[in-house]
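Protein chains: 2
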Amino acid sequence: MRSLRKTVLLAILVSVVLVLALLHSWPTRTYTTVDVWQRPGPSVERHLEERLPELDHRLSNIPFHVRDSVASLLARNGCICEGESGGVNLPFAQLLFPRVSAHPLHTAFEASELEEMKRRRAKEYKSFQKRSKTPADVLIIAEANSPLQYPTQGVESSHSLYFAFHHLQINITATLGTLNVAAEVDGVKIKGDGEMHMSLSSSLLPNLNRQLQFVTYTNTLFHPSTADTVQFETEGHQAVFSVKIRHGVTPKLYNTGSKGDYNVSALVTIATKTFLRYDKLQDLIDSVRRYYPTVTIVIADDSENPKTMSGPYIEHYIMPFGKGWFAGRNLAVSQVTTKYVLWVDDDFIFTANTKLEKLVDVLEKTTLDLVGGAVREATGYTATYRQTISIEPGEEDGDCLHMRRGFHHVIQGFPNCVVTDGVINFFLARTDKVQQVGFDPRLARVAHLEFFIDGLGSLHVGSCDDVIVNHATKIRLPWVSQSESDKTYAKFRYPPASSDATHTKNGLLFFKNRFQCLTRN
Amino acid sequence: MRSLRKTVLLAILVSVVLVLALLHSWPTRTYTTVDVWQRPGPSVERHLEERLPELDHRLSNIPFHVRDSVASLLARNGCICEGESGGVNLPFAQLLFPRVSAHPLHTAFEASELEEMKRRRAKEYKSFQKRSKTPADVLIIAEANSPLQYPTQGVESSHSLYFAFHHLQINITATLGTLNVAAEVDGVKIKGDGEMHMSLSSSLLPNLNRQLQFVTYTNTLFHPSTADTVQFETEGHQAVFSVKIRHGVTPKLYNTGSKGDYNVSALVTIATKTFLRYDKLQDLIDSVRRYYPTVTIVIADDSENPKTMSGPYIEHYIMPFGKGWFAGRNLAVSQVTTKYVLWVDDDFIFTANTKLEKLVDVLEKTTLDLVGGAVREATGYTATYRQTISIEPGEEDGDCLHMRRGFHHVIQGFPNCVVTDGVINFFLARTDKVQQVGFDPRLARVAHLEFFIDGLGSLHVGSCDDVIVNHATKIRLPWVSQSESDKTYAKFRYPPASSDATHTKNGLLFFKNRFQCLTRN
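Protein sequences appear in the order of chains E and Z.
Start counting the first sequence at 1; every next residue gets the next number (full-length UniProt numbering).
Start counting the second sequence at 1; every next residue gets the next number (full-length UniProt numbering).
No lab work stands behind these hints: they were computed from the structure.
Think of the CB as a built atom: it goes at the ideal place given N, C-alpha and C, for glycine as much as any other residue.
Be aware that a few hints might be false.
[Stated by the list, open to error] Once the Cα atoms are required to be at most 25 Å apart in a straight line, the calculated DSS-like pairs of lysine-lysine come out as:
no.	chain 1	residue 1	chain 2	residue 2
1	Z	433	Z	133
2	Z	133	Z	123
3	E	126	Z	365
4	E	433	Z	118
5	E	355	E	433
6	Z	118	E	123
7	E	126	Z	130
8	E	433	E	133
9	E	123	Z	365
10	E	358	E	433
11	Z	126	E	358
12	E	433	Z	358
13	E	307	Z	307
14	Z	130	Z	244
15	Z	118	E	365
16	E	130	Z	307
17	Z	118	Z	133
18	Z	358	E	244
19	E	126	Z	358
20	E	244	Z	130
21	Z	244	E	133
22	E	244	E	130
23	Z	126	E	365
24	Z	365	Z	355
25	E	365	E	307
26	Z	365	E	118
27	E	130	Z	433
28	Z	123	E	433
[Stated by the list, open to error] So the derived list for chain Z, only partly shown, Cβ under 8 Å to chain E, looks like this:
no.	residue
29	33
30	64
31	126
32	128
33	242
34	254
35	278
36	303
37	327
38	391
39	394
40	408
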C-alpha cells in the first residue's frame, strides 16, 4: 500500500519534471539554417579566379633567359620517384658514401586492388581538402593605384575595420556576416546597415572617411575557424580582404611548480613501451631511479602474459596481446600529465650523461616542441639519427616524401643542439604537442620516423648530442645463446622485410599521407 | 683460444665500423646558426607599429553619435564576471527560467598561493604566445594610391611572386629568406640576386615588370610553420605582404573500405571507460552486439580488481587503480584505428533507435568533425545537452568563458541536426580530430564540457536528436537498496561538490586555459 502511494507520487514528480523540461527545451529563439556540406564555398572559388593576376599581353613578348638553378625550385606540381644510381657495392658502402634510394609506395598493394585504392584515396583527400581549405588561403592581389586603403591581413571578427579613401560613395559586401556602424557621423547616408551589403555616401569626403572608421563586421554564419572575404568598392575600383573568423584559441598551460632549478619530477614523465623484455625494463627502471628517484614512469605493455610491474611512481598499463609498437607509444603519452614527456625504449640505460635538465632547459628557452638526445651503443658509437624531411608536391599520384640525414641550423646559445625534422627514439617533448600529433596505432611493428612525418608543419624539432642514454647491446656475441624471451621478441619486433609490417607502413604512407614515393639516404 | 681469436676479430670489426661511422657523420656542409629563443621577432613588432593606421587629425574633430548596441560588440579587452541576479527561488526555477550564474575561478586556490599561481600562469602564457604567434597574424594595411601591385594573401614559400608597378627602380627586402630571379630579362639591372635585399632597375618599364614576374622567394631560415614579411618599395611608396613558410601539411586519410552502404564495423570503433560497473558494461556490450555484432569495442578500465572482459572485437585495457575519467577516455581513443570513434558511457544501452549509420552519414556529407546524439533517461526524457561556448577576451586576469544552452544553426539537409559547440556524452567523431584535442588526463572525476573547451576553434561540432541511446536508470527508487559496486562507484564518481574534483576543474580552467571566470545557464 505504502509502496503503491510512493510509486504514484514518483510518477507525478517525474511527469512534472518532464513537462517542465519540455517547456524549457522549447526553442525560444528562431535559428537560421546553415550549409555545412562538403562543397568548396562559392566565394572561395569566385575570388580565386577574380584575384589571380591576369596575363599582361604587353609583357608576354619581352624576351628572357631562364635560370634553371632557380626555376627548378618553383613548385612544379609533379614529382618523379628516382634515387641516385648505384656505384660499386662495397661492404659499408652505404655508410661511407650514402646514396639516395627511392621507394615507390603503390607496391604496397596488389596490382588488382591498386586502382580501387587510388580511387578511395582520391575521394578521402578531396573531402579532407574541403574541410581544411578556407578563404584565408586564397591568393589576393592589391591592385596598383587603387584609391582604397584597407587592411590586407590580421583583421579578426568583431574588430572594427579601418578604411580611408577618396570617393564620395562606397559599397562594402561581406558573405558570412553583417556590417554595422558603431557610430553615426553627420552628413553621411548609410544604406544596408546591419546587412551583408552596406553602402555609404556623403558630399563631405572627411565625414565619409570618419564614418568608415566606425564600420564593424559581425560574423553571423557560425564556423569555428574560417575567414570571410569582404569586398570593398568604389567607382571603378575594388579591393578584397579576408576577415579571420574563429573561436579564441585557448592555450594548454602546465603548472611547472615553483621557480628555482628545474624540478624534473614535476616537469617530466618518462614513457616507454615494453613487450616481453621485463629484464631489460627492470634495468631501465633501476638506472632511472639512480638519478631521478621520484620521476613518474609510464609503461605500456602488450605482452601475452603480463607480469605486474609496481612500485612508487610506476604506472603499468596492460594492453591486449600484441597490440603493437605505436599503439603502445600512443597509450603511454595519452596518460602523461606533466608539461614534458621523455620517450625512451625499454632497453635503454640511464647514465651520468643522461642529464634531462639540459633537455628541459632547451625546451624552456626556445620555441622548440621536441628535442632529441643521443644513444650510445655498446660499441661506443653514439647516434643522434638526425633527419631532414621535405615534401615535394605531386599531382593525382600523390606527393613525394624526401628524407635525408642532417639538419637545418645550429641553435644559437646551444652549440650542441641543432634544428631538424626528425630525431632518434630518445627525446623530450611538450606533452600537448606529442599528444596532438600522436603515434598512429595502425603502425604495429617497426616504425619511428612516421611520427615525425605526421608532425611535419606542427612539430618544431631539435637535437642535442650532449645528453646521452646507453643502449643495451644489440650485438649478439656468437658464443652467447639468445634468451627465450629475446627470441620471441625478435620474432615480433623484427619481422622479415617482405612481411605485412613493411606493407602496412608503405600502405599508410601511400594512403593516409597520400605519398607516391619515398626517397632517403 | 678460439674464443680469444673471435674477440679480437670482433674488436677489429667494431673499430672499423666505428671509424667508418665517424667518417660518415663528419659534417659535409656548413650549417648556419639560428635564433629560436623565445622572443617575439623584431620584424613582427616593427611592422605592427609601422602598419597601424595613423590617426588622421582632419578626421578626429568630426562629430559622431555612438551606437551602444554595436559599439558594445567591439573587443573591449576586459571582461567582468557577473551572472543574472536571481529572482524567487522556486523548485525547478533553474529548469523553468534558466538563469546565468557566474563562477570566479581564482577561488580554486588559497588566497596565499593565488599571487604565485597568477605569476606562473602569466609566465607560461607569455611563452605560449611567443611560440604560437607568427608575422602572419600582424595587421597590415594596403595604402591608397600606391603604384605597387602585389599579393596580400596566399603566397607560399618557393612560389614565384607576381608584381606590377610603374616606376623604374624597385627594392624588395625579405627577412627569413633570399630573393632570386628565375629568369633574366634584357635591359634590367639586378642587384642583390640571391640575397635578402634585391633591387631592380631599368629604363624600360615593361621589361622591369616582366622581370618582376620572375622574382622568387626561397626560405633560408628554417621554421616548420611561420611567415616572412616581405617589403616592397619604390620612391616614396612602400608595401608589405607576408609569405607563408611551412612544411606541406600531410593529411591523415582513412581507408573506409569499398563503396556501397556504410559498413559501420569498418568505419566505427566504440570507445568507453568503465570503473567497477561490470554488470552495466555487460548490458551495454550485449545491446551493441544485438545491432552491430562485429564493431570493435575498446574498454578502458581503472577498477581496483579488474575482471577480464574478453570476446570477439573486444579490446580491454587495464589501467592503474583510479587513474580517472578523462585519463580513461584518452586511453580509449588513443587506440582507435578506424576513421570514426563513437563515445558511449558504460551505462548506456543500444536500441533500435541507435542508428550509427545516420551519424556516419552526417560526418561523411558535411564538414563537421563531431556529431552528438540524444540520450533517453528511464523517465522518457531525452537530452541532447547542446551548448554554445564563447570566449570574451580579458586582460592579465585572463579571459571569460561563457556557456549557454542552445546552438547556432540548423543544418541544411539534416532537419534533426544543428551546429553547436558542445554536446552530450554520446557522440561520433573523426578519430584524428578527437585524438588531436584529447581528453586531459588531469581531469580525474566529473568532467565533460572541458573536452569541448579544449576543442574550441578546431572542432566543428553538430548535434542530432534522432539518433538515441538509452541510459540505464539513475533514479534510485527509495525501496530498492543500492548495490555495493554502485555505492563504491558513486563515492568515486560523484565526490561532494566542495571536494578536490571541483577545485581541480576550476584550477585547470584558471591555469591551463587561462580563464578568470565561467558563466553558464
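Each hint tested on the structure:
A threshold of 25 Å between alpha carbons decides the hint, and for residue 433/Z with residue 133/Z the separation of about 22 Å falls inside it, so the pair holds. Of the supplied pair hints, the one linking residue 133/Z and residue 123/Z holds, its CA atoms being roughly 16 Å apart against a limit of 25 Å. Proposed proximity of residue 126/E and residue 365/Z is supported: the alpha carbons are some 12 Å apart, at most 25 Å. Proximity of residue 433/E to residue 118/Z is assessed by CA-CA distance (about 24 Å); at most 25 Å being required, the pair is judged to hold.
For the hint linking residue 355/E to residue 433/E, the alpha-carbon distance of about 22 Å falls within 25 Å, and the restraint holds. A distance of roughly 49 Å separates the Cα atoms of residue 118/Z and residue 123/E; the hinted pair therefore is violated under the 25 Å criterion. This hinted pair does not check out: residue 126/E and residue 130/Z have alpha carbons roughly 34 Å apart, beyond 25 Å. Under the criterion of a C-alpha separation no larger than 25 Å, the hint pairing residue 433/E with residue 133/E is consistent with the structure, at around 22 Å.
Distance hint between residue 123/E and residue 365/Z is fulfilled; the C-alpha atoms sit about 12 Å from each other, no more than 25 Å. Of the supplied pair hints, the one linking residue 358/E and residue 433/E holds, its CA atoms being roughly 20 Å apart against a limit of 25 Å. This hinted pair checks out: residue 126/Z and residue 358/E have alpha carbons roughly 22 Å apart, not beyond 25 Å. At roughly 33 Å between alpha-carbon atoms, residue 433/E and residue 358/Z are farther apart than 25 Å, so this suggested pair is violated.
Distance hint between residue 307/E and residue 307/Z is fulfilled; the C-alpha atoms sit about 16 Å from each other, no more than 25 Å. For the suggested pair residue 130/Z and residue 244/Z, the alpha carbons sit about 18 Å apart, so the restraint of at most 25 Å is met. The suggested pairing of residue 118/Z with residue 365/E holds, with an alpha-carbon distance near 20 Å, which does not exceed 25 Å. As the CA atoms of residue 130/E and residue 307/Z are separated by approximately 45 Å, the hinted pair breaks the 25 Å bound.
Of the pairs offered as hints, the one joining residue 118/Z and residue 133/Z holds, with about 22 Å between alpha carbons and a cut-off of 25 Å not exceeded. A distance of roughly 32 Å separates the Cα atoms of residue 358/Z and residue 244/E; the hinted pair therefore is violated under the 25 Å criterion. Our distance criterion of 25 Å between C-alpha atoms is met by residue 126/E and residue 358/Z, whose separation comes to about 22 Å. Between residue 244/E and residue 130/Z the CA atoms are separated by roughly 20 Å; this keeps the pair inside 25 Å, and the hint holds.
Pair hint residue 244/Z plus residue 133/E holds up; C-alpha atoms about 15 Å apart against a cutoff of 25 Å. The straight-line distance between the Cα atoms of residue 244/E and residue 130/E is roughly 18 Å, inside the 25 Å bound, and the hint therefore holds. A hinted pair counts as satisfied when its Cα atoms are at most 25 Å apart, and residue 126/Z with residue 365/E qualifies at roughly 12 Å. The suggested pairing of residue 365/Z with residue 355/Z holds, with an alpha-carbon distance near 16 Å, which does not exceed 25 Å.
At most 25 Å may separate the alpha-carbon atoms for a hinted pair to count; residue 365/E and residue 307/E exceed this at roughly 40 Å. With a C-alpha separation of about 20 Å, the suggested pairing of residue 365/Z with residue 118/E holds against the 25 Å cut-off. Proposed proximity of residue 130/E and residue 433/Z is supported: the alpha carbons are some 15 Å apart, at most 25 Å. As the CA atoms of residue 123/Z and residue 433/E are separated by approximately 19 Å, the hinted pair is consistent with the 25 Å bound.
Hint on residue 33/Z holds. Least Cβ distance to chain E is approximately 5 Å, under the 8 Å limit. Taking 8 Å as the C-beta cut-off, the interface hint given for residue 64/Z holds, the closest approach to chain E being about 4 Å. Taken as an interface hint, residue 126/Z does not check out: its beta carbon lies about 10 Å from the nearest beta carbon of chain E, beyond 8 Å. For residue 128/Z, the shortest C-beta to C-beta distance to chain E is roughly 4 Å, which falls under 8 Å, so the interface hint holds.
A hinted interface residue such as residue 242/Z counts as satisfied when its beta carbon comes closer than 8 Å to some beta carbon of chain E; here the least separation is about 6 Å, so the hint holds. Because the smallest distance between the Cβ of residue 254/Z and any Cβ of chain E comes to about 7 Å, under 8 Å, the interface hint for this residue holds. Interface hint status for residue 278/Z: violated, as the beta-carbon distance to the closest one in chain E is roughly 17 Å, over 8 Å. A hinted interface residue such as residue 303/Z counts as satisfied when its beta carbon comes closer than 8 Å to some beta carbon of chain E; here the least separation is about 12 Å, so the hint is violated.
Annotation: interface hint on residue 327/Z holds; nearest CB of chain E at approximately 6 Å, less than 8 Å. With 8 Å as the threshold, the beta carbon of residue 391/Z comes within range of chain E, its nearest partner Cβ sitting at about 4 Å, so the hint holds. Below 8 Å, beta-carbon pairs count as interface contacts, and residue 394/Z has none with chain E, the closest being about 10 Å; its hint is therefore violated. Among the interface hints, the one on residue 408/Z holds; its C-beta lies about 4 Å from the nearest C-beta in chain E, closer than the 8 Å criterion.
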